[in-house]
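Chain A is already provided as a structure; the job is to place chains B, C and D on it using the hints.
Chains as they are written, first to last, in our numbering: chain A, 4 to 236; chain B, 1469 to 1860; chain C, 1386 to 1484; chain D, 4 to 630.
Everything labelled a hint here was simulated from the structure, so no lab data went into it. Glycine included, C-beta positions come from ideal geometry on N, C-alpha and C. Please note that a few of the clues may not be correct.
[What the hints assert, rightly or not] Partner residues are not named here, just some residues of chain D that face chain C (Cβ under 8 Å, in silico):
hint, residue
1, Val607
2, Gln609
3, Val616
4, Ile617
Each chain, written out:
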Amino acid sequence: MAEQILFIIFGILAVGSAICVIAFRNPIHSALALVLTFFSLAGLFISLGAYFVAAVQVIVYAGAIMVLFLFVIMLLNLGRLQTTRQINKAKVFAVIVGILLAAEAIYIGIKAYDGTAVSPAQGESQAVGAAITSEQLNRISEIESTYHLDRTEINSTYVPEVSEQKSTVETLTASEANLLIAKLQGEMGKPDRIGTILFTKFLLPFEVTSLVLLAALIGVIVLVKREDTDTAA
Amino acid sequence: MDLPLHVLIISSLIKIVVVVHLLLIGVMAMILAERKVSGWIQDRHGPNRVGPWGILQPIADGIKFLLKEDLIPDHVDKPIYLLAPAIILVPALVTCGVVPFGSSITISGYEIPLQIADINIGVLYILAITSLGVYGVVLGAWASNNKYSLLGGLRSSAQMISYELTLGLSLIGVLMLSSSLSLRDIAIQQGGYPWTWNFLIHFPAFLAFTTAAFAETNRLPFDLAEAEQELVGGYHTEYSSMKFAMYFMAEYMHMIVGSAVAVTLFLGGWQFFGLEKIGGPFWSGIISFGIFFTKTAFFLFVFIWVRWTLPRFRYDQLMNLGWKFLLPIALTTIVVTGTVWAFTQSKLLVAILNVVAAAIVVAIVATTLVMTREPEPVDDRGVLSFTEESSS
Amino acid sequence: MALQYYLILSALLFTIGVIGVLIRRNAIIIFMCIELMLNAANLAFVAIGRELGDASGQIFVFFVMTVAAAEVAIGLAIIVSVFRHRETINIDEINTMKG
Amino acid sequence: MSKDLITILLISPLIGFLINGLFGKWLKNVSGWIASLAVLISFIISAFFVFPAVRGGGELKETLYEWIPIRSLDIGFHVDALTTVMLLVITGVGFLIHIYSIGYMSHDSGKARYFAYLNLFVFAMLILVLGNNYLMMFIGWEGVGLCSYLLIGYWFDRKSATDAGKKAFIVNRIGDFGFLLGMFTLFAAFGTLNFDQMFGLAETNTYEQVFGASTLIVATLLLFVGAVGKSAQIPLYVWLPDAMEGPTPVSALIHAATMVTAGVYMVARSSILFNLAHTGVVVAWIGVLTALFAATMALAANDIKRVLAYSTVSQLGYMFVGVGVGAYTSGIFHLMTHAFFKGLMFLTAGSVMHAMADELDMRKMGGLKSKLPITYWTFLIGALAIAGFPLLSGFWSKDEILHNAWDGGHQIIFGIGLLTAFLTAFYMFRLIFVVFHGESRVDSEVESHLHESPPVMWIPLVLLAIPSLIIGAIVGWGGEHSAMHHFLESVKGFKHHGIADHSNPIPFMIISSIVGIAGILAAWFIYRSKAPVDEPTNPLHKLLANKYYIDEIYNAVFVQPIRGVSHYLFWKIMDVGIIDGLVNLTAFIIRGIGGSIRRLQTGVVQAYVVSMVIGIIIFLGYYLFIR
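For reference, chain A alone in the conformation it holds in the complex (with noise of 0.2 Å):
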């Protein structure tokens, strides 16, 4: 429900700010409302539980990536070079394309989910009060090797939350296993959960990562850094 409602919000939000950037004449007023789009994609991502992505969203996009757009376009003081508006074919041609473009990825959003795929979480329907499967625990064990969790932890922490009498994942019903690995799944987005998951698995494309920052770093200051032998003292 609260998710329904968040999404709503937040994508009439975002779709009507992303339409403001490409209207808006004045590069600073799109600008602005790029940073609303991409809040609203923030809200969009806390109502997926992803809240770490949604916080570095706002840090990279909204604190850093915004500002140094709206640096250089008050640097080169852009402001000033409103395009009058004008319609030609070129642009007629351009939206029609667009139009079709959208049309196809929204087929695609409809057909490539059409509710029959059903997520690992769920797995077949257990009978009531059947006893938790071995292919439950095999995807728990996944899990916490995953995220490096620890069993005492999930006993003590997690199987309380979905059955109140029980403490250790064998014990748990078919049905109540579905619902602890929902909620292990649905934690996910929980920043040591990505830390983790970042530093272990993913530890070789991070460190790419940050050599490509240095290179762009690197690339900056050169392209930017003008010759002063003018001035030279």
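Below, chains B, C and D without anything else, positioned relative to chain A:
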């Protein structure tokens, strides 16, 4: 532990109202305190006409702001001009949402934590919101369509972006040891005794954080953006009346919130020698809030104290301090804390080595700076000179 | 919330970005539209990741953001240096790279 | 543990190569010491492998890395007694020659490059002997060939040097081709190139008959072609005398002690196959003919290094006789002693050159004994050793080979071998008498600069002279029961069942002693006080002095026809006409198309993006609606 929904909503609403009002009252108190303290420091009386000892002075100021003519210059970009003061105020207010200002209070069986929302990414949330503060400045400066405003705005945003890095990085060490992003957890983990608080364990980080927090508020000695002598007030030159008041309030709110966060992260939050546990479930909450309030007030006093005793930095000095001293210190604390913690898990060792490493870094940087110092630039070439400082 | 709503939203945002790239002449706006497209992809990543119960989607978003940051820095630097040379960032006027 | 040892042993010269190759420009005088250190490390580790315990009691097999998983072509190692002997020779002699080179090359400007090549050579040679399959061996084989080429042409500003390098490379290529074909045959027959697996299969006669019953014969003969190329046997020996254009330590290391013996090692390593195919007799005959042939050419040569080069070819022939008649241990034994005394003699020749300002013609020398005492005495030791003077190292190994040849029933080979031994002693002492004794024919200017070499050069000489004197007696005393035989006993295939019980070795020792001493005496009678003539008049002498005109024959028979065909058919018609024509046609077409498509390139980004998006739409549409 989990509260019923209606209790949650009602208590949250009450907390929000209380916190917002506390902030507003705090701003007024700060205005008065600022003037009083500056008076003492400069050996004069300070405001003493309105009300007994001048305590009604902030109200008089407020009335003055409200009644002034609200000018909107012709040449401004109107929507953004109007939006900017709001944008700068909002982050300050919103940050308070995650700051725990007391332990918890029990009313009719419900234990209500003295914190609007204890979210598991609290510190990240604060960093995210802080990073937005720059918008208010930069947009206001640009929308004013005034050369001096823009210069001030660019200066201030460059400064804020630079110090934001330090602000974030100096917290990493703390986060590493507490292994939580929740402000409440971090506060509780520090315990009740000053020698177990984070500011001792992460002393260089604490210094860096505090300095960066000073810089983030754009106050003296970091008030290059306003720089009355050069920039006629900087980014808020074109603002008057209530909109100026909003900038004014935002500055104080930033101070208050920054102090509150610093107290939570480094000074043990609401805990003080077990004092917060005295009394029943109700009174202990009140007492803990009092302790938190006192600590924050002390921090705010330091803010004012620094403002009226330190001279202003020059712009290149400011950037040097940020990029060449504070940032390396913050990075060093990360490395040292991480390494030491991985091997020994001794907080004492972390504390000692942090200080030693920071001292070494400062010594190295200072030596390098002195060795490579070039003659001072003869003329001040204005706001953008920092990009060419090294080559000139 | 079913996955397809998120995917549709993502598709919409992406297409808006594409249209922006196609109709705007200002290089900076085009650049912003590219960021918009990246964000649309990010949304799809997170949504699908949630559906599959796999945090890799969010990790991907993290990487996309990092690379986007690098890209923006470089791109803006290029725009600044182009502007210094030609006093314009209207891409219709920056067309010396033609055959 | 052992794996690490092998890795360090192998990597050490590689690191030396990398350091010298990459940073040589800044190293200057240090490069030689770095290179030497790298080889010293390898030598120390090799020394450990002498103890079977380090090798895990005999054979050590380690797989470092699975290279081609199909049919298990691994980068794997195989260390047994045979490998150990080779390792010791390569790294031990190699180390001394590295040290010597520091002095010898001290005035050369490109010595970092030199030492880099030298280290690379050691690395490749180690790969060759350590590999546990033919492919690894081939990699090392090619690696040493490359280094040999690079080092022969080290002074690339001299045309003769680069020509000699090319000649060595091309002639070796012929041999390598044989090796490759042999390898392919073996792979087809056994499905593996791994020594252990292959020999195991061969012994149980389970292999594909690629060439019918003669599969093994063909395979071993092809392998032997490779050996002939690398070890400079008839008819592919022509590159080795020319290879003397390289720096003298290179001649000592590569063209006397190590690389040229790779062929012998290969035959010894494949001993099981040769035993089964009974092709040893071919090897022995080629070997003995080469030995005689080269020895006769050495009689008339006037260039010190060339004499030594022919001598090397001749001695390599001896080794092939050894491995050919099934006396693998004796062949390897001779390989080892030869490495010592021939390395020694080359280095002393280098020392003479050093003193004589790079003069090589022995007609311009004479009476150097008093000027270069250390050089003289060490050279004398080497010459006595190679001449088979009783109780010196060469005596033992050569005697064993001849003895085994007789016992194996190869009386003619024995006879030719004996004749060669006589010739060997003769030309070696001819060299000694002409260069060191008699009257000085040295230019007066050169004579004034005559000096003994610095310690960094003569210490290796002394260190090599000692094993040349005594190693034969130490490891060879006792014939069948000597230390050498005990040590190599464990190597598979070395116990050749075709050899009957050994007869009494004493008569053979006496015969070869007499022959050797007779050669020395003959040289004394003829060259005691007389220099070689400048222009030979005697037709036989002329034939010998012109090396049987082999180079000219090769030139006329192979080189000229190929060059003619290449020039007219392949260059004028194929290359210029067809291939260049096709290339030009392609370029013409592309230019035409490009000219017309160029207009699509508007320079407007959005035009490109539109076409991209249309492309995406078409693809998506195809996959969504049509497929």
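> Measuring from the C-beta of Val616/D to each C-beta in chain C, is the shortest one below 8 Å?
Replying inline: Hint on Val616/D: holds, closest Cβ of chain C at ~6 Å, below 8 Å.
> Taking 8 Å as the limit, does the beta-carbon of Gln609/D come near enough to a beta-carbon in chain C?
Replying inline: holds, 6 Å
> Taking 8 Å as the limit, does the beta-carbon of Ile617/D come near enough to a beta-carbon in chain C?
Replying inline: violated, 11 Å
> Per the CB criterion, is Val607/D less than 8 Å away from chain C?
Replying inline: Where the cut-off is 8 Å and the nearest Cβ of chain C is about 6 Å from Val607/D, the hint holds.
Violated hint for the displayed structure: number 4, the only one.
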